[in-house]
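There are 2 protein chains.
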Amino acid sequence: MPRLVPRRGFPQREFVDRLDNAQRVMGESGVDVLLLTTEAEVRYFSGFHTAFWQSPTRPWFLLVPRSGQPVAVIPAIGAACMGQTWVSDIRTWASPCPSDEGVSLLVDALRELAGTKGNIGLQQGPGTHLRMPLDDFQRVRQALPDSHWHDTTALLEALRAIKSPLEIEKIRHVCQAASEAFQRLPDEITPGMTDIDLFRRFRLSCLESGVDEVSYLVGGVGNGGYADIIAPPTGHRLAFGDVMMLDTGCTYDGYFCDFDRNFALGEADGATREAYQRVWEATETGLEAVRPGASCSEVFEHMQRVLTSQEVPPAGRNSVGRLGHGLGMQLTEPPSLMADDYCVLRPNMVMTLEPGFAYAPGRLMVHEENLVVTEDGYELLSVRAANTLPVVDWSS
Amino acid sequence: MPRLVPRRGFPQREFVDRLDNAQRVMGESGVDVLLLTTEAEVRYFSGFHTAFWQSPTRPWFLLVPRSGQPVAVIPAIGAACMGQTWVSDIRTWASPCPSDEGVSLLVDALRELAGTKGNIGLQQGPGTHLRMPLDDFQRVRQALPDSHWHDTTALLEALRAIKSPLEIEKIRHVCQAASEAFQRLPDEITPGMTDIDLFRRFRLSCLESGVDEVSYLVGGVGNGGYADIIAPPTGHRLAFGDVMMLDTGCTYDGYFCDFDRNFALGEADGATREAYQRVWEATETGLEAVRPGASCSEVFEHMQRVLTSQEVPPAGRNSVGRLGHGLGMQLTEPPSLMADDYCVLRPNMVMTLEPGFAYAPGRLMVHEENLVVTEDGYELLSVRAANTLPVVDWSS
Numbered sequence: 001m002p003r004l005v006p007r008r009g010f011p012q013r014e015f016v017d018r019l020d021n022a023q024r025v026m027g028e029s030g031v032d033v034l035l036l037t038t039e040a041e042v043r044y045f046s047g048f049h050t051a052f053w054q055s056p057t058r059p060w061f062l063l064v065p066r067s068g069q070p071v072a073v074i075p076a077i078g079a080a081c082m083g084q085t086w087v088s089d090i091r092t093w094a095s096p097c098p099s100d101e102g103v104s105l106l107v108d109a110l111r112e113l114a115g116t117k118g119n120i121g122l123q124q125g126p127g128t129h130l131r132m133p134l135d136d137f138q139r140v141r142q143a144l145p146d147s148h149w150h151d152t153t154a155l156l157e158a159l160r161a162i163k164s165p166l167e168i169e170k171i172r173h174v175c176q177a178a179s180e181a182f183q184r185l186p187d188e189i190t191p192g193m194t195d196i197d198l199f200r201r202f203r204l205s206c207l208e209s210g211v212d213e214v215s216y217l218v219g220g221v222g223n224g225g226y227a228d229i230i231a232p233p234t235g236h237r238l239a240f241g242d243v244m245m246l247d248t249g250c251t252y253d254g255y256f257c258d259f260d261r262n263f264a265l266g267e268a269d270g271a272t273r274e275a276y277q278r279v280w281e282a283t284e285t286g287l288e289a290v291r292p293g294a295s296c297s298e299v300f301e302h303m304q305r306v307l308t309s310q311e312v313p314p315a316g317r318n319s320v321g322r323l324g325h326g327l328g329m330q331l332t333e334p335p336s337l338m339a340d341d342y343c344v345l346r347p348n349m350v351m352t353l354e355p356g357f358a359y360a361p362g363r364l365m366v367h368e369e370n371l372v373v374t375e376d377g378y379e380l381l382s383v384r385a386a387n388t389l390p391v392v393d394w395s396s
Numbered sequence: 001m002p003r004l005v006p007r008r009g010f011p012q013r014e015f016v017d018r019l020d021n022a023q024r025v026m027g028e029s030g031v032d033v034l035l036l037t038t039e040a041e042v043r044y045f046s047g048f049h050t051a052f053w054q055s056p057t058r059p060w061f062l063l064v065p066r067s068g069q070p071v072a073v074i075p076a077i078g079a080a081c082m083g084q085t086w087v088s089d090i091r092t093w094a095s096p097c098p099s100d101e102g103v104s105l106l107v108d109a110l111r112e113l114a115g116t117k118g119n120i121g122l123q124q125g126p127g128t129h130l131r132m133p134l135d136d137f138q139r140v141r142q143a144l145p146d147s148h149w150h151d152t153t154a155l156l157e158a159l160r161a162i163k164s165p166l167e168i169e170k171i172r173h174v175c176q177a178a179s180e181a182f183q184r185l186p187d188e189i190t191p192g193m194t195d196i197d198l199f200r201r202f203r204l205s206c207l208e209s210g211v212d213e214v215s216y217l218v219g220g221v222g223n224g225g226y227a228d229i230i231a232p233p234t235g236h237r238l239a240f241g242d243v244m245m246l247d248t249g250c251t252y253d254g255y256f257c258d259f260d261r262n263f264a265l266g267e268a269d270g271a272t273r274e275a276y277q278r279v280w281e282a283t284e285t286g287l288e289a290v291r292p293g294a295s296c297s298e299v300f301e302h303m304q305r306v307l308t309s310q311e312v313p314p315a316g317r318n319s320v321g322r323l324g325h326g327l328g329m330q331l332t333e334p335p336s337l338m339a340d341d342y343c344v345l346r347p348n349m350v351m352t353l354e355p356g357f358a359y360a361p362g363r364l365m366v367h368e369e370n371l372v373v374t375e376d377g378y379e380l381l382s383v384r385a386a387n388t389l390p391v392v393d394w395s396s
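Residue numbers (this note's numbering), protein chains in the order written: chain A, 1 to 396; chain B, 1 to 396.
Watch out, some of these pointers could steer you wrong.
Stated by the list, open to error - Interface residues of chain B toward chain A, partial, derived using beta-carbon atoms under 8 angstroms:
hint : residue
1    : ALA94
2    : GLU267
3    : SER336
Just so you know, these hints were derived from the structure itself, not from any lab.
Computed from a predicted structure; not experimentally measured.
Cβ atoms here follow ideal geometry from the backbone N, Cα and C, with glycine treated the same way.
Based on the provided sequences and hints, a complete structural model is requested.
As structure tokens, then:
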């Protein structure tokens with residue numbers, strides 16, 4: 001099934017829009033400049049796309065002023081790559097340079113863009129971190145003693161939560177590619193193989209389906225059910241009666257899918273099949289609740305009611321802590337589908353629905369689909385899982 | 001060429017040794033407890049191994065006291081996975097919980113292990129960051145107003161720099177697997193393919209060679225030479241006269257290789273072939289200088305002399321900023337091969353040699369090998385690159 005492969009990158013218009021939206025909100029909230037240090041945020045405003053973030057050695061800074069263009073303050077090794085983006089003001093230093101790892105350049109740029117008494121926006125809240133050495137951050141603060149530091153976690157979350165049509169196209173593409181790989185998975189399973197072999201086969205299959213990277217792959221497997229949903233494979237030899245779940249976050253052009261699929265080998269007991277149906281139904285109910293104006297809490301409550309509609313053992317609390325979340329440049333993004341997240345769904349938000357529960361001691365069942373909120377409901381991005389637990393033929 | 005695949009994980013002895021070594025140094029420097037928040041550090045002391053770190057939502061904490069066992073303070077979703085490690089004191093909270101994202105539990109544990117006036121070790125220096133929300137860190141500090149915060153960057157670097165035989169075995173394995181994939185690369189290149197296709201083929205090839213993940217893959221390609229060494233592929237259609245470089249950090253059981261290979265398609269001009277020979281020679285000279293007792297600065301100077309032995313255009317400064325670095329659980333680790341890094345090489349340090357320079361405006365040449373320092377020199381872990389630039393047949 002050949003699919004149209006979305007064009008890579010974005011036209012400059014996309015970045016102009018992102019900047020305009022940010023600057024409007026910055027104006028409203030009195031933030032003079034955003035200081036960005038993390039991969040997704042730097043890429044969001046610049047288009048700077050590199051795997052080099054995996055090296056922890058060097059910090060990278062992007063400054064977004066309340067008016068005017070973004071300024072990149074980055075190690076020289078990134079100058080060529082940043083030079084390919086729409087950012088034209090690129091200031092570099094020869095890095096590594098532990099004695100001054102961009103601190104002076106950063107302080108100068110902050111002073112230039114926000115003055116000595118400006119309001120500097122920094123992500124300080126839930127789900128964020130500062131990707132630079134703490135000591136260096138202290139130096140920056142000391143060099144700007146009259147600056148004010150504003151938490152911009154919510155500001156940036158709100159901007160990034162609404163995806164553009166081009167972003168959605170990339171996510172749809174990677175969801176479809178991973179769906180195809182999942183559909184082929186039963187054919188990849190052969191008696192005697194280990195979960196390590198299966199993970200490798202699934203990675204190959206995803207790449208063959210057109211994803212760029214299998215950035216995230218975890219799973220659970222166990223006879224009669226699985227107990228751990230975030231572990232790497234252990235070398236377990238697949239056997240009749242195993243129940244397994246693979247959960248993948250593949251990327252295309254820097255955008256993620258995030259969903260899983262369950263399979264039983266040969267047979268599954270009644271409790272397992274019922275648990276599967278329960279999470280499938282919870283997803284169905286969640287989908288029905290998804291529409292602009294619905295809150296995350298509301299969608300959560302709908303799904304939770306299905307999960308708890310029959311007696312569940314005391315262990316039934318869902319250790320995932322939520323029943324879905326945002327999705328995009330990161331594997332998980334705000335908001336969360338949970339009781340006390342009152343974020344309201346709006347068109348072009350991309351979300352996962354991810355119901356799960358422990359249906360017996362040491363036996364979990366999780367399920368996940370990806371969707372985009374539309375004007376009047378939702379569009380599924382992943383190919384909907386079967387409504388009964390797929391059982392792989394194990395007679396051979 | 002079947003290789004013996006190293007056993008996954010580590011025997012408990014390995015973690016006992018790591019803890020003993022840390023506690024000895026903590027005793028010497030008066031640190032009561034290490035607060036660890038980042039993937040490699042948490043994994044180093046616990047064995048906790050999951051791709052789930054890619055989700056930015058939740059913080060994870062491991063506390064290493066000056067005496068006694070490590071304590072994990074983690075989201076409930078990780079309890080089963082952490083339960084498989086040697087860590088037995090696992091304290092969890094239902095996460096996400098933005099109002100108290102582990103902060104109370106963490107404060108209690110710090111108080112228990114270090115008292116109210118204890119010395120808390122935290123990585124604050126070069127190449128580190130704090131992986132938790134800044135606001136939450138402020139809360140922790142305010143809840144422990146009489147605690148002292150010690151920078152433990154150097155302490156942890158020194159511990160992790162010396163690899164155990166089992167760690168080296170894993171790195172050797174992934175270096176060999178990636179070397180095999182690089183050796184097959186010329187056969188994967190076909191006229192008309194794009195660099196995107198080639199990246200995908202190379203990823204598949206690495207997986208088939210036995211790596212777990214192709215975590216890092218960047219490259220450069222251009223007619224007559226490449227200008228950018230950290231970019232993803234762009235869709236460039238491979239053509240006669242192209243020079244290209246692929247640089248990969250694959251992993252096996254959580255341990256990295258990090259090296260690159262250069263190829264020319266059909267032909268390369270004299271300047272490019274000479275540049276290749278220069279970086280190959282610089283590596284050779286670097287290898288000769290590697291032995292216990294040699295400093296990073298010394299190895300750097302040997303290599304740098306080769307790179308600058310003939311006239312190099314003004315653009316010849318190496319934007320990478322160093323000529324190699326440590327390697328292990330992370331793609332890049334301390335120390336750095338650069339003029340002012342006086343770290344002394346010791347047996348069982350795993351390093352990359354990575355000479356590079358601009359041999360003409362907009363034309364870079366980089367080269368990289370991986371090695372482990374032995375009692376009397378080094379052992380190459382990657383299969384040494386050819387001493388002349390490989391030219392792929394492009395007559396078809």
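Hint-by-hint comparison with the structure:
1. Using the Cβ-Cβ criterion of 8 angstroms, the hint placing ALA94(B) at the interface with chain A is satisfied: the shortest such distance is roughly 5 angstroms.
2. Annotation: GLU267(B) was flagged as interfacial toward chain A, and the flag is violated, the nearest CB pair being 24 angstroms apart, outside 8 angstroms.
3. For SER336(B), the interface hint holds, the least distance from its beta-carbon to any beta-carbon of chain A being 5 angstroms, beneath 8 angstroms.
Checked against the numbered hints given earlier, the structure breaks only hint 2 and satisfies all the rest.
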